[in-house]
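Each chain is listed here by its residues.
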Amino acid sequence: MGDLLRRLLRQRKAAVGGSILLGFIVLALVGPWLVMDPTDLVGRPHQPPSSAHWFGTTGQGQDVLAQTVVGARETLAIGFAVGALVTLMGALIGVTSGYLGRRVDDVLTLTTNVFLVIPGLPLAIVLGAYLPSGPFRMVVVLSLAGWAWNARVFRAEAMALRNRDFVSAAFVAGESRARIVVRELLPNMASLLGSSFIGNTLYAVGAQVGLEFLGLGDVGAVTWGTNLYWAGNDAALLTRSWWVFVPTGVCIALVGFSLTLLSSAIDEVTNPALKAPPVATTAVRSTQSSSADAAPPSGALLSLRDVCIEYATERGPSRVVDSVSFDIAPGEVFGLAGESGSGKSTLGYALLRLLPPAASIPQGRILLDGTDVTALDETALRAYRWSQVSMVFQSAMSALNPVLTLGDQFHDTLAAHGRTTRAAAHARARELLTMVGLAPQLVDAWPHQLSGGMRQRVGIALALALEPKLVVMDEPTTALDVVVQKELLQRVLELKQRLGFAVLFITHDLPLLLALSNRVGILQGGKLVEVDTAERLRTDARHPYTRLLLSSFPHLSAADAQVPADVALAASERTTAPATAQGGGR
Amino acid sequence: MSAPLLEASELLRTVPVGGFLSRSRRTLLNRVSFTLERGEIVALVGESGSGKSTLARVLARLDTPDAGSLRLGGEDVLTVERGGASLAYRGRVQMVFQDPFASLNPVHTVAHHLERPLLRHRRATRASLKDRVHALLESVGLTPAEQLAQRYPHELSGGQRQRVAVARALAVEPDVIIADEPTSMLDVSTRRGVLQLLRGLTRERGIGILFITHDLASARHLADRVLVLYAGSVVESGKTSDVLAAPRHPYTRLLLSAVPDGADFLDTPLPVRPATGPMPVFGCPFAPRCPHADARCHSTLPPSHVQAADHTVRCHLESSKGASDNAAVPQ
Numbered sequence: 003m004g005d006l007l008r009r010l011l012r013q014r015k016a017a018v019g020g021s022i023l024l025g026f027i028v029l030a031l032v033g034p035w036l037v038m039d040p041t042d043l044v045g046r047p048h049q050p051p052s053s054a055h056w057f058g059t060t061g062q063g064q065d066v067l068a069q070t071v072v073g074a075r076e077t078l079a080i081g082f083a084v085g086a087l088v089t090l091m092g093a094l095i096g097v098t099s100g101y102l103g104r105r106v107d108d109v110l111t112l113t114t115n116v117f118l119v120i121p122g123l124p125l126a127i128v129l130g131a132y133l134p135s136g137p138f139r140m141v142v143v144l145s146l147a148g149w150a151w152n153a154r155v156f157r158a159e160a161m162a163l164r165n166r167d168f169v170s171a172a173f174v175a176g177e178s179r180a181r182i183v184v185r186e187l188l189p190n191m192a193s194l195l196g197s198s199f200i201g202n203t204l205y206a207v208g209a210q211v212g213l214e215f216l217g218l219g220d221v222g223a224v225t226w227g228t229n230l231y232w233a234g235n236d237a238a239l240l241t242r243s244w245w246v247f248v249p250t251g252v253c254i255a256l257v258g259f260s261l262t263l264l265s266s267a268i269d270e271v272t273n274p275a276l277k278a279p280p281v282a283t284t285a286v287r288s289t290q291s292s293s294a295d296a297a298p299p300s301g302a303l304l305s306l307r308d309v310c311i312e313y314a315t316e317r318g319p320s321r322v323v324d325s326v327s328f329d330i331a332p333g334e335v336f337g338l339a340g341e342s343g344s345g346k347s348t349l350g351y352a353l354l355r356l357l358p359p360a361a362s363i364p365q366g367r368i369l370l371d372g373t374d375v376t377a378l379d380e381t382a383l384r385a386y387r388w389s390q391v392s393m394v395f396q397s398a399m400s401a402l403n404p405v406l407t408l409g410d411q412f413h414d415t416l417a418a419h420g421r422t423t424r425a426a427a428h429a430r431a432r433e434l435l436t437m438v439g440l441a442p443q444l445v446d447a448w449p450h451q452l453s454g455g456m457r458q459r460v461g462i463a464l465a466l467a468l469e470p471k472l473v474v475m476d477e478p479t480t481a482l483d484v485v486v487q488k489e490l491l492q493r494v495l496e497l498k499q500r501l502g503f504a505v506l507f508i509t510h511d512l513p514l515l516l517a518l519s520n521r522v523g524i525l526q527g528g529k530l531v532e533v534d535t536a537e538r539l540r541t542d543a544r545h546p547y548t549r550l551l552l553s554s555f556p557h558l559s560a561a562d563a564q565v566p567a568d569v570a571l572a573a574s575e576r577t578t579a580p581a582t583a584q585g586g587g588r
Numbered sequence: 303m304s305a306p307l308l309e310a311s312e313l314l315r316t317v318p319v320g321g322f323l324s325r326s327r328r329t330l331l332n333r334v335s336f337t338l339e340r341g342e343i344v345a346l347v348g349e350s351g352s353g354k355s356t357l358a359r360v361l362a363r364l365d366t367p368d369a370g371s372l373r374l375g376g377e378d379v380l381t382v383e384r385g386g387a388s389l390a391y392r393g394r395v396q397m398v399f400q401d402p403f404a405s406l407n408p409v410h411t412v413a414h415h416l417e418r419p420l421l422r423h424r425r426a427t428r429a430s431l432k433d434r435v436h437a438l439l440e441s442v443g444l445t446p447a448e449q450l451a452q453r454y455p456h457e458l459s460g461g462q463r464q465r466v467a468v469a470r471a472l473a474v475e476p477d478v479i480i481a482d483e484p485t486s487m488l489d490v491s492t493r494r495g496v497l498q499l500l501r502g503l504t505r506e507r508g509i510g511i512l513f514i515t516h517d518l519a520s521a522r523h524l525a526d527r528v529l530v531l532y533a534g535s536v537v538e539s540g541k542t543s544d545v546l547a548a549p550r551h552p553y554t555r556l557l558l559s560a561v562p563d564g565a566d567f568l569d570t571p572l573p574v575r576p577a578t579g580p581m582p583v584f585g586c587p588f589a590p591r592c593p594h595a596d597a598r599c600h601s602t603l604p605p606s607h608v609q610a611a612d613h614t615v616r617c618h619l620e621s622s623k624g625a626s627d628n629a630a631v632p633q
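Protein chains in written order, with our numbering: chain C, 3 to 588; chain E, 303 to 633.
Hints were generated in silico from the structure; no laboratory data involved.
Computed from a predicted structure; not experimentally measured.
Check each hint, because a few of them may be wrong.
[What the hints assert, rightly or not] Derived coverage of chain C by chain E (criterion: at least 3 residues anywhere in the stretch with Cβ under 8 Å from a Cβ of chain E; other residues may be distant):
{"id": "1", "segment": "161-171"}
{"id": "2", "segment": "188-195"}
{"id": "3", "segment": "488-498"}
[Unchecked claim] Chain C stretches covered by chain E per the calculated footprint, using a threshold of three residues with CB under 8 Å from any CB of chain E:
{"id": "4", "segment": "368-375"}
{"id": "5", "segment": "503-512"}
{"id": "6", "segment": "535-548"}
Even for Gly, the Cβ is constructed at its ideal location relative to N, Cα and C.
Using the sequences plus the hints, can you model the full thing?
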């Protein structure tokens, strides 16, 4: 919560919105003592601004400045009160309903829905007729008309949070339901509570002014809404007395503006995705250093020379891949192993130039068959991707388009690289599906009808559609069971035998990689610490990190149960702890 | 012999499938029975969808089975505590979740995560609270404890978070810990540390651990006994060394042959048929994929069959090898 406030203060939108709102709050608190009585008839009606009455007088002869300033008090008080009440009611009812579920949820959701379909204005008019007049009536009316929508929002949020493990963990620890709602769920909704409160206050000010303007409020009180009501009643427009209603109108607009700014600032701070990401400046590419000019060994399909990749962050560029060089021969399986954050996936994406806008390749060359991939322009890039190098992604479900049948996805891919008819594309799709061991009838299936292993087979078939020379596979089997994994990998090796493409296989699973690859590179913190053939790495790895990784996997057969790797492991765990220990002083 | 620490018998859990009016139900757990003794680690292995996590949730009382009994120290807890688990049960059975990034509340400090169970179960007084929290953190290898206690979850690495989750489970001084794939979300270099921590707990404190995993290699590394789950049924169980050295059930053999271990693991074919047709209603659930299945496998469910002293297999092919079918389920 404190962290949220601090980040908000640094936001320009929040600063502007907050200052305007604070100004009005101060005005509402102290203003009424500085101006004359707004109900006194102090001058002649409809007088334009003068030195005696800075904002002129109303149709009754009252001071407009005094009315505007004094009106702020009740308007804002009711606005904030209704904002708080609506948020509180919505949060309590919504969270209770979403967390408890079943019967409670049924009853509360039904109630909420009933309130949602009752139109707010007629409800307010009917309620207004039965309740005693005064600010209290306005609060009750607006709260009753406004809470239901909030309850829906909070219910959805609670249902999403309810299934999180920390809620289950608190339950297993023996916490009561009430405590879980108040201490575990609600603090996680701080930002939602904040933005709802702001949004509800905005609603309350608007609705209140609207009701009062229609004469449904307490016309004897001095608020912005009644100011406008009297301005209309006294024919301010007909007499062209603009000064009667413009000050109040400007105040309402400014308060609305400041609340909107605040609400959007909260959204941005709590959801960094809404903020425009820093875009990498197209760095002046350093003229190739002498080492980078070293010609790739003849016969290499792909060669990386001194490749560096940087991400632009708010704290300057952060280098995630540092001077990586290796070669892949045609038809070779090259494995890239590393832990999370080692830069292995970034490197894979770089081969297809699929890096996000924040990333750049300031140095190094990626040569595929002699063409420098880092120097391709957009048109050349489109022709290069997929036909030269294609990719199989970790999450097959998100890599396939859920609203297209498999046949149409193949058609998309094929049509993007040359003319083809739908029938021809479907025929090719059947052929490819058969190739990866799926039934050709699946060409008319939707992605959600397939199991995880089948989807990944489709991913491989798609990657092979244009017969590329290299297929990048980024953890394609991590989400799969071991049996499915082995089936899939055997199929990949068999296809490679037949079609002759090379594979760059990226995973954290070193034993798997050693069995699969001809050569393996070990990445640690963006640096390639060791590259060797799989056989040599298995028996005599040189780098201590490689040995640490190798010893981290328990084996089925070897007597490795008592490896004293404990000390080294504990040490590595401490050093790899993220350097984000900046939030100490909350 | 005294009653086992935790004993589940014939646990059945089904969920409704289909629309509003549909009466059909899908079986997640099909009469699962097992025991867990003091100081013992039992591994539960199986593929995704085999019912591993459902069993974990039932044992942690996050879910209620349709039928079957659960005994803790000989006491039938499901009939006594109908309205949900008592505080006493929660004080004896704890759970460590799979994803340490989700199982710690991002808005609370490490200290708060440990203080709550300590106070709730009266394992510490307000005065001794701080010392107990620090002692807990040190017992899971998180030092310096004073500093780490004040951190928030996002300031810790995955391995450190999972250690905090283990410390939280330990805070109530439980007899049983259910560990649901505690290392699958961790980086490889930190996995082994967490596994060794769990092993140490059984040796030093006599805690019984049900270790749920899809990784047979870590099961071999850690567990005394292993249960193999397929489609909600225990198809094979026994001492880890017995089961992994001489697997009897075709599914266990299939799992073992798929573990990436050794240079030639991709060269050996998988002992499996591509699944044809739906899962049989009456027969063995593995029959459609089993390379040895015959007509009997598709029509009748095999009984659990005693192999050796403590090695049971649920397979027709084994039962036809000699011992009578009636020697089933001696648990």
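Kindly indicate which numbered hints from before are broken by the structure, ordering the numbers from low to high.
Hint 4 is the one this structure does not satisfy, whereas the remaining hints hold.
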